[in-house]
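*Asks:* Construct the complete structure from the given sequences, taking the supplied hints into account.
Counting in my numbering, the sequence shown runs from 599 upward without gaps.
Simulated from the structure, these hints should not be mistaken for laboratory data. A quick note: this is a predicted structure, and the numbers were derived from the prediction, not measured. Every clue listed holds true.
Now the in silico label distances, taken between C-beta atoms and shown as ranges: (1) P744 - T773: 31 to 39 Å; (2) E813 - T774: 17 to 25 Å; (3) L850 - E813: 17 to 25 Å; (4) R781 - R751: 46 to 54 Å; (5) A618 - A669: 21 to 29 Å; (6) V683 - P843: 42 to 50 Å; (7) R687 - L850: 36 to 44 Å; (8) G827 - T774: 14 to 22 Å; (9) A856 - T773: 17 to 25 Å; (10) T773 - R694: 30 to 38 Å.
Yeah, the Cβ is synthetic: ideal placement off N, Cα and C, and Gly gets one too.
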Amino acid sequence: MKLEFLLTLDAILRKGTFAAAAEEVGLTTSAVSLQVKRLEDYLGQPLFDRSTRTAKPNALARDLAAAMRGALQAMEAARTRQTPVVSGRLVIGTIRTVQATALPHALSEIAVRHPQLSVRAVQGNSAELLTRLKAGGLDAAVLIRPSAGGSTRLHWVDLERQPFVLVAPPEATGTTAADLLARHPWIQYDTSLTGGRFAASYLRRHAPRKSATFELGSIEAIVTMVSAGLGVSIIPKVPLSSEPPPVLELGLGRQAPARQISFVCRAADRENRRIVAIADAFERAYA
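*Replies:* Right, here's the structure in full:
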């Protein structure tokens, strides 16, 4: 038994005749009659009195239609309901690596799904972005979640966990992190950044006497310098925006530091349609 049979029965009772119901549901009168016959076969009972020239619905038909009408109307409303338009302007902050990788994909999702939503993207480090978000200067941000979990007055959506790896020149011959750190100069990921502090903490535990020859805030620049043979570094494993130069990449094992990339907004805004739209776009970008 198909749902369309119940829709047809409801149309017959509302319109009064098979012919009028056929016009409403877009079928021929004979097709409507066939649907009624199949419904009657399914129920094992007649729904119409056919002793007169015009078939009349019996009590079973009226009771069945009345019982189903509310559900049918709800289903039709759900079928035709349109998603509310998301419009207006939103300001999102991202850290540098997110702006170069996931942000373009997220904005592509917004352009397709919510073309009336305007997005301004600004760049900063995680601490700066959190401060601006709390002060109302940003609507949301994608950044490195604090290791303590972050303020409970904010709403957090974890997007991707990124472990740190050691990168060395492609011709390097060491087989362990300790070997490579001993043989090559150290290129420090900027310690003013959360990720840089993670890398520096690892270095202090495993090579406390090692000091930095260079310090940079750009992962892309660090990879380029390492590839050129200028040293080794520890950086988060992220997809770079272009084809990176060749480097030797070494995992740091179970105790490797990692950073959590998260979407964050003020807790009071978590149900805002614009916030929901941009959060969904970033989740799709990372998926």
